[in-house]
Amino acid sequence: DTAVSQTPKYLVTQMGNDKSIKCEQNLGHDTMYWYKQDSKKFLKIMFSYNNKELIINETVPNRFSPKSPDKAHLNLHINSLELGDSAVYFCASSLPTLTAATQYFGPGTRLLVL
Amino acid sequence: GDSVTQMEGPVTLSEEAFLTINCTYTATGYPSLFWYVQYPGEGLQLLLKATKADDKGSNKGFEATYRKETTSFHLEKGSVQVSDSAVYFCALSKDNNDMRFGAGTRLTVKP
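Taken in sequence, the protein lines are chains U and C. First residue of the first sequence: 1, per this note's numbering; consecutive thereafter. First residue of the second sequence: 1, per this note's numbering; consecutive thereafter.
Honestly, the hints are just simulated from the structure, not real lab data. There may be inaccurate statements among the hints.
[Claimed, not checked] Computed spacing ranges between beta-carbons, pair by pair:
#, chain 1, residue 1, chain 2, residue 2, range
1, U, Leu114, C, Thr26, 22 to 30 Å
2, U, Ser20, C, Ser79, 41 to 49 Å
3, C, Leu46, U, Lys67, 21 to 29 Å
4, C, Ala53, U, Glu82, 39 to 47 Å
[Claimed, not checked] From chain C, some residues computed to sit far from chain U (all C-beta separations above 12 Å):
#, residue
5, Thr20
6, Thr28
7, Ser32
8, Lys68
9, Thr70
Predicted model, so just to flag it, every value in this text is computed and none were measured. Glycine included, each C-beta is placed from N, C-alpha and C at the ideal position.
Bound conformation, chain U alone (with noise of 0.2 Å):
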């Protein structure tokens, strides 16, 4: 069993673009993140909701809007693509503990804008 799933795997696209990529944890964890890993393997938290709402909104393009239908799940939508969000996107999700909580993640998704 996945812990927790995303879909797809690569993702190839035109800039200006639209796409989503979608996340589902099966751990029972209240809450979620989003990753953005850039080429030298530098790791940066979009977001991150617990419970279904949004707790961390860094410093991101509105272009990029977190959708969570339930706990199991966080999507990411993307507008308007630019070369610059080529990159992996890691999904991960948590127990909400106030220390020590371990992130799980899944395993990327590999975007290349063209």
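Given the coordinates of chain U, work out where chain C should sit on it, guided by the hints.
Just chain C now, with coordinates in the frame of chain U:
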């Protein structure tokens, strides 16, 4: 703000060599500290963690000790294997919703 600094890679070692990857942190309060590992083509997975000063996290032969006096959490392994080749991330968290990662250190182990 809170941050983590880890040694730049890449690090290349021969099998059975000793590994150290340095990590230092800057944070107010009392963060929890983590090491995550990312194998090629995969997502990150937790390697070990420590929640308070002087705690030692260990897993799969890797160890790291939470040193508050030096604000460090260096990763060590006595004898690396080819299968340890991966990118290693140091991270800190003070609450559940804000994990700060270092830039990652790529380790390559040669037979």
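Please check whether Ala53 of chain C and Glu82 of chain U have a Cβ separation lying inside 39 to 47 Å. holds, 44 Å
Far enough from chain U: is every CB of that chain over 12 Å from the CB of Thr70 of chain C? For Thr70 of chain C, whose nearest Cβ neighbour in chain U is about 20 Å away, the distance exceeds 12 Å, so it holds.
Is it correct that the beta-carbon of Ser32 of chain C has no partner in chain U closer than or equal to 12 Å? Ser32 of chain C not clear of chain U: closest Cβ-Cβ about 4 Å, inside 12 Å.
According to the definition I'm using, a residue is off the interface if its beta carbon is farther than 12 Å from all beta carbons of the partner; does Lys68 of chain C meet that for chain U? holds, 15 Å
If we take the beta carbon of Thr28 of chain C, is the closest beta carbon in chain U still more than 12 Å away? Per Cβ check, Thr28 of chain C is outside 12 Å of chain U; nearest 14 Å; holds.
Assuming the hint says 21 to 29 Å, is it satisfied by the Cβ distance from Leu46 of chain C to Lys67 of chain U or not? holds, 27 Å
Would the least Cβ to Cβ distance between Thr20 of chain C and chain U come out above 12 Å? Holds, since 19 Å exceeds 12 Å.
For the pair Leu114 of chain U and Thr26 of chain C, does the Cβ-Cβ distance stay inside 22 to 30 Å? violated, 39 Å
Pairwise beta carbon distance, Ser20 of chain U to Ser79 of chain C, judged against the given window 41 to 49 Å: holds, 45 Å
In the structure shown, a violation is registered for the earlier hints numbered 1, 7, in ascending order.
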